[in-house]
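> Sequence:
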Amino acid sequence: MQMADGLLAAVRVLDLSTGDADAVTRLFADLGADVLKVETPGGSPAREALPTLAGAGISFAVHNANKRSAVLDPYDDGDCGRFHELAAGADIVVDSGPEGLAVAFGTSAAQLAAHHQHLVVLSITDFGATGPRASWRATDPVLYAMGGSLSRSGPATGTPVLPPDGIATATAAVQAAWAALVAYYNRLRCGTGDYIDFSRFDAVVMSLDPAFGAHGQAAAGIRRAGRWRGRPRNQDAYPIHPCKDGYVRLCVMAPRQWRGLRRWLGEPEAFQDPRYDVIGERFAAWPQISVLVEALFADQTMAELVAAGQAHGVPIAEVLTPSQIVASDHFEAVGAITDAELVPGVRTRVPSGYFVVDGQRAGFRTAAPAAGRDQPCWRGNPAVVPSPAGRVGEYPFAGLRILDLGVIVAGGELSRLFGDLGAEIVKIESADYPDGLRQARAGEVMSESFAWTHRNNLGFGLDLRSAEGGRIFRRLVAGADAVFANFKPGTLAALGFSYDELHAVNPRVVLAESSAYGDAGPWSTRMGYGPLVRAATGVTRLWT
Numbered sequence: 130m131q132m133a134d135g136l137l138a139a140v141r142v143l144d145l146s147t148g149d150a151d152a153v154t155r156l157f158a159d160l161g162a163d164v165l166k167v168e169t170p171g172g173s174p175a176r177e178a179l180p181t182l183a184g185a186g187i188s189f190a191v192h193n194a195n196k197r198s199a200v201l202d203p204y205d206d207g208d209c210g211r212f213h214e215l216a217a218g219a220d221i222v223v224d225s226g227p228e229g230l231a232v233a234f235g236t237s238a239a240q241l242a243a244h245h246q247h248l249v250v251l252s253i254t255d256f257g258a259t260g261p262r263a264s265w266r267a268t269d270p271v272l273y274a275m276g277g278s279l280s281r282s283g284p285a286t287g288t289p290v291l292p293p294d295g296i297a298t299a300t301a302a303v304q305a306a307w308a309a310l311v312a313y314y315n316r317l318r319c320g321t322g323d324y325i326d327f328s329r330f331d332a333v334v335m336s337l338d339p340a341f342g343a344h345g346q347a348a349a350g351i352r353r354a355g356r357w358r359g360r361p362r363n364q365d366a367y368p369i370h371p372c373k374d375g376y377v378r379l380c381v382m383a384p385r386q387w388r389g390l391r392r393w394l395g396e397p398e399a400f401q402d403p404r405y406d407v408i409g410e411r412f413a414a415w416p417q418i419s420v421l422v423e424a425l426f427a428d429q430t431m432a433e434l435v436a437a438g439q440a441h442g443v444p445i446a447e448v449l450t451p452s453q454i455v456a457s458d459h460f461e462a463v464g465a466i467t468d469a470e471l472v473p474g475v476r477t478r479v480p481s482g483y484f485v486v487d488g489q490r491a492g493f494r495t496a497a498p499a500a501g502r503d504q505p506c507w508r509g510n511p512a513v514v515p516s517p518a519g520r521v522g523e524y525p526f527a528g529l530r531i532l533d534l535g536v537i538v539a540g541g542e543l544s545r546l547f548g549d550l551g552a553e554i555v556k557i558e559s560a561d562y563p564d565g566l567r568q569a570r571a572g573e574v575m576s577e578s579f580a581w582t583h584r585n586n587l588g589f590g591l592d593l594r595s596a597e598g599g600r601i602f603r604r605l606v607a608g609a610d611a612v613f614a615n616f617k618p619g620t621l622a623a624l625g626f627s628y629d630e631l632h633a634v635n636p637r638v639v640l641a642e643s644s645a646y647g648d649a650g651p652w653s654t655r656m657g658y659g660p661l662v663r664a665a666t667g668v669t670r671l672w673t
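Under this note's numbering, think of the first position of the sequence shown as 130, with each following residue one higher.
By construction, these hints were calculated from the structure, which means they are not laboratory data. For clarity, every value in this text was computed on a predicted model and none was experimentally measured. The reader is advised that the hints may include incorrect statements.
[Claimed, not checked] Per label pair, the in silico range of CB-to-CB distance:
(1) 374 x 289: 26 to 36 Å
(2) 284 x 590: 38 to 48 Å
(3) 502 x 181: 16 to 26 Å
(4) 436 x 295: 56 to 66 Å
(5) 206 x 458: 53 to 63 Å
(6) 672 x 458: 21 to 31 Å
Ideal placement from N, C-alpha and C gives every residue a C-beta, glycine not left out.
Construct the entire structure; sequences and hints are all you get.
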């Protein structure tokens, strides 16, 4: 298979979903899967859901790009037969809603899975298909409230601040897609599919800044086993400061970053004490430090401050509006936003996918199809035939070996996902530059966040800058299936471990690199953490 075909080019996805669940199958379509959306006569109601562009629902248009559409009438015997033929020939079936579209054709998601043993069937509902809340309905605000995020969002007093609409939906969509792909991978190992009862509520509780795991800013509102519930006074952790033409956000974590900020401030005498190298001491003193910061920032623009911050080694980002994002030269340069005909006759700026595979962005290719544009049949060659190598009941990733060079939250959470499902994870760190997530309160061996995110990991200390360390790492690569890294772009290559160099050692190895802003474009060299990415992508400005 050529990468130009897409990583999932051999995968057939029968899309019975509607509304928020459309985003799940869009991810499969971006990666090349043949996603065939089945609609009933008249088309999906989501096609006209507000907000609209030229009469077409924007959400539907965005989340159904790169798909095909067939119309089948559940009251027509021939169409019912075609529906079941499509299901029998699919690899993955995605249904959503309290009953799901499958019910209209005389079956259900669970029954499809039982009848077709090879199928991965994903049923997406707000609170799961069973249990005391199965009949409940949710919106994003409801999920924020019930999932705990809202109780910790906003100033320490007053009404909680509602997070932007769409974050919960997107969080659930990514988790649902992950669950289906894991089950599909497992089917390739053992020949048997799965029925997945997926609750959007459960996904939001587990993934959207939870009060456990790798703690985010909001999660600091719950202290140690929930002894204190409420909104934390921790706005100084990732402070936002006004400047000449807007706002910027700082994220000073490591001691060297604090020293860079101190130099930028002119080495104020009051903060020379080495105790301020400790993150907790800085946070406690931030009200005093911020006076100096705001005086420095007041007459400078966002762009000037970001440039100066980068020069001093201080993580900083503009707090941009959505309209500024759409016009950003960086997002255009990397292809994350592109001009396209989103709906018939209307060209506009649209987001274009999350992934870059072998240098090619897996994103927007074709607009959402008209209802019934395509025939109810699968295209191209039949799906991949399973090669049973595993046993039913084993963890899906049993036997995989992954070398984890990742750091902080993104690095820890990625490897944990694989480790929890059976992969052997070897966490590699340098004693000189340990993972910043290890930073702990005085007297603690490691942070709670590090312990949560690195469960099911092995740990190995290795200096990749040394000749001996490099030799040892290459020996590990030779026996690995994948290498994960989220260093600043170019760091791995500078150490002598670019993808080409890793491939020369082991042609089978997969390199998965992530970074705040990608490995290309004007922002690629910027330092970034989650709070800065939220600021630079418009999310922070929507938090009202």
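> When you take the CB atoms of residue 436 and residue 295, is the distance between them in 56 to 66 Å?
Given range 56 to 66 Å: violated, Cβ gap about 31 Å.
> Is the hinted range of 53 to 63 Å satisfied by the C-beta distance from residue 206 to residue 458?
Once the Cβ atoms are compared, 56 Å apart, the range 53 to 63 Å for residue 458 and residue 206 holds.
> So the hint says 16 to 26 Å: do the beta-carbon atoms of residue 502 and residue 181 match that?
With a Cβ separation near 20 Å, residue 502 and residue 181 satisfy 16 to 26 Å, so the hint holds.
> Does the hinted range 38 to 48 Å hold for residue 284 and residue 590 at CB?
42 Å, holds
> So does residue 672 sit 21 to 31 Å from residue 458, Cβ to Cβ?
Given about 25 Å between the Cβ atoms, the range holds.
> Could you tell me whether the CB distance from residue 374 to residue 289 stays inside 26 to 36 Å?
30 Å, holds
Comparing the model with each numbered hint stated earlier shows that hint 4 is the single one that does not hold.
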